[in-house]
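*Asks:* Residue numbers (this note's numbering), protein chains in the order written: chain A, 1 to 113; chain B, 1 to 326; chain C, 1 to 496.
Just so you know, these hints were derived from the structure itself, not from any lab. Treat the hints with care, as some may be off.
What the hints assert, rightly or not - Quick look at which bits of chain B chain A covers, simulated, 3 or more residues with Cβ under 8 Å:
hint: 1; segment: 15-29
hint: 2; segment: 37-47
hint: 3; segment: 98-109
hint: 4; segment: 134-147
hint: 5; segment: 245-258
hint: 6; segment: 307-315
Unchecked claim - Chain C regions said to be covered by chain B (calculated; three or more residues, Cβ under 8 Å):
hint: 7; segment: 66-73
hint: 8; segment: 111-118
hint: 9; segment: 186-193
Being a predicted model, the structure only gives us computed values, none of them experimental. Think of the CB as a built atom: it goes at the ideal place given N, C-alpha and C, for glycine as much as any other residue.
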Amino acid sequence: MSDAGVAHWLVYALAGAGIIGVGLYGFLTRRHLLRRVIAFNVIGSGIFILFGATGYRDADLGADPVPQALIITGVVVAISLTALAAALIARQAEEAGAALLPEDEEPPHGRKG
Amino acid sequence: MSAALFFDVALCLLLLAVALAAVVGRDIFGSIVFFITYGILVAIAWIRLEAVDVALAEAAIGAGLTGALLVGTWRRLRRGRAEDLPGRPDDPQDPLPATLHRRCTGVLCLVLTGGLGWAILNLPEASTGLIPEVSANLETTGVSNAVTGVLLGFRAFDTLLESIVIAVALVAVWALTAEGLWGASPGLRQHAKRDGVLATFGRILPPIGLVIAVYLVWAGSTLPGGAFQAGTVAGAVLLLTAMAGHGEPPAVTDPRLRLAVVAGPLVFLAIGITGAFFGSFLALPPAWSKTLITLIEVVLSGSIAVTLAYMVLGVPREPEHRRSRS
Amino acid sequence: MPLVPEIGLPSPLLWLIIVPLSALLAAVPLGRRAARSMPIVAVVMPALALWLIVEVSLGGPQEHTLGGWTPPLGIALRADGLSAAMLLLTAVLGAAAGLFSIALYPPRGGDESAASGTFWALFFSLWAALNVVFLSGDLFNLYVALELLTIASVGLAALGSLAAAMRYLVFALFGSLAYLLGVVLVYARWGTLDLDLLGTMIDAEPATFLAAGLMTAGLLVKAALFPLHGWLPPAHGAAPPPASAVLSGLVVKAAFYILVRLWFDLLPALATEAFVQATGALGALAILVGSVMAIRAERLKLVIAYSTVAQLGYLFLIWPLAGGATGEMPWAAGAWTGGIFHAVAHGLAKAAMFLAAGLMIEAVGHDRLDGLAGLGRALPFTTFSFGLAAVSLMGLPPSGGFIAKWLMLTAAFAADELVWAGVILAGGLLAAIYLFRPLNRMLQKADPPELKPVARRRELLPMSLAALAILMGLAPGGLYALLQIGRPVAALEGLE
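Construct the complete structure from the given sequences, taking the supplied hints into account.
*Replies:* Right, dumping it as structure tokens:
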């Protein structure tokens, strides 16, 4: 039982690490700003899963409430930043015509990244 | 391998797959849908991690509201596109960067994940975190939900700041309003047919949602729940009402609206300042602790509801019915 | 925790957080009418900061446990000499920039616009967030404060340029995530988030190295250290001048401050030679690249913004230089103190410059360098304050900038690290070059251009800040003594 107990949190912690990696890949390789926002949220979620999993290391003791409280705070902060980013993207696209940062706009045939 | 562990592994693999789809999907709307799905799966993961309050918050805020925000922005990008611009604002060709760049970034991310994994595997075996301290002191806060105890008791300053963060983010969103549109109503009004699906849901769901919200904030001191979860549900109710055309949301210049946005943090701060005169900022006398916490949570839920709803409504702009066919 | 139910006046530490938070919450419903509160805030905040300095000087570092819950369970606010100095700088710059803004976002006249209706809430948020950063003793609390800082900064930058604000946000998001991940790892390994407690526990270990690396990377993005500085010049160059003054003078310093706290209080055991030298090298590159870009810039606000990138480079030289001397030298903590001196002097001088530039732009209608000819004759007072600020930035005596560079130079020579000494001297020369162009234009004997009138009262604001920067050079002893209160051991012994 202790074997499954230990592995339980470990699975989620490692998954969290993986999700962080996936999100970071998206954040760095995609240029469309809305995709970057999605990637930001994915990374954030991965960080939270990692945090929550490391707070649940002993199944008998139960979960540590401090990481959980901090994660809720983090989720709220994340949506605040997402809302600001989304509003900026919408307004910038209205003015500039494309949801990209100026340095990311390029001729249609693409360039080396 | 026990059934529970098998489930956990399967869920985690699914999470990774959906996260990947959300991030590298070809089409932005598809990515958004995958992201919402991901959010719901993460909520299930939180339940497996014995974090029900977080599951509620994640499902409501992370999947629900964030998803609505993203879809709303995507629509706004599509609507604003000029036909003669090369590429479309919602999904320009967005050519992938050169293969070398992608490969290097991929390696970098693998290295990071590997490093994190290695750090995780090397964490000390016996680690209790702050569980003992929380258990020992929870009674003094008057609440029995440990997460609420941390949020509004031990680390109340974080929560105060966080309630201010959402208010300031909303103000920053409003600051982006274009010239001349300052008094306009925020967007996201749909064309709801009188007896159509949206209008009907807009009549049925709000009362149910409000009951759930009240329950969440009331029960939050003993059971999973709390101000943020309740506020989000109430905010969703407000949004639905506005989108279904059952009421015009007040313009952002309305002082009563703005007061509603800051009422929660103001009450929180006022209680904190009173505590400061009696010994410590944000200190709650044990006899009054539960009452004060409940008071703060109730007012805070109201402010959070209004703030989150307006965050999703976004920057004030020209009413849609003026721009498209009606 | 039992509370003693007697009424006592809260310490200035708390007021410094309560006042800006109250101002910001009031400013949301008040909209542009909140401008009326600015003169009161401009007097109250510096007074509170001075009160805190008196308390710290007399009673040593101050602490307040919030809610009565002691760490590791609760959060503590702490003020030592460094915090008090940064809080005073924040109060002074905030007061000057805020008073300057009243004319730009007035409480009356015409219709409320999006800018005037939201500016004051964003401005006070910036102030509140900065104060929390300088006082908080908890890693996660610092994260929330940094996010508030980011949101307010991006909002203010967006009043200038949407694209610049978007870029700023993208960088800031990345930095926040990196910092947060580091904090998570620290808690997972050590079970606490309190800076003081961690200082006693932390050990050089793989998990801690990763956490330190992540937190440092995130903070370096927010501090705009080369090569992660790309977001700063457009954002600071386009924002309204009083916002740029606070952004350049304080917001970037907040991230630097947290880095100093982390490395000198918590992590000295982790500082390897390679890391310390690499940080110094990046600082040197920042000085070089920032100065070159400033020399090439064609608009006044961009020159000043690139100058910020360059001047921030000096701050990162304290990593290799700290504790360079032997114990006998009385200036042994020279490099650390010099770095803080530099942060303060740069804050004053840069804010003075942005405010002066703001007045010039209002008068002339644009900020192109070639259009500034003869401005010295038309706005002599403002040009003089620009010149004084330039003196400090160049590091000429007598000025705060000179004292800062001198402290760092003596440390470099004492440690026989002549490369850094060369960098510091070269930086001063480059600053002279990039400041020469605008000053030369302004002082040219040409016909003054068409001017809109500028209120004399507003001209006093950049002048006071520039004068303070010079005063720092004439009477550095007070600040020097203040900074030694609560100074970490690593500042004396160095990181290596």
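*Asks:* For every hint, state whether the structure bears it out.
*Replies:* Hints versus structure:
1. 15-29: With 8 residues close enough to chain A, the hint holds.
2. 37-47: That given contact holds, which follows from 5 residues of the segment 37-47 of chain B lying within Cβ reach (below 8 Å) of chain A.
3. 98-109: As far as the segment 98-109 of chain B goes, the hint holds, because 8 residues have Cβ atoms under 8 Å from chain A.
4. 134-147: With 3 residues closer than 8 Å to chain A, the segment 134-147 of chain B meets the three-residue bar; holds.
5. 245-258: The restraint on the segment 245-258 of chain B is violated, since only 0 of its residues have a Cβ under 8 Å from chain A and three are required.
6. 307-315: Per the Cβ count (5), the hint holds.
7. 66-73: It holds, with 6 qualifying residues against the three required.
8. 111-118: Holds: 7 residues of the segment 111-118 of chain C have a Cβ under 8 Å from chain B.
9. 186-193: holds (count 5)
Violation of the numbered hints given earlier is confined to hint 5; every other hint is satisfied by the structure.
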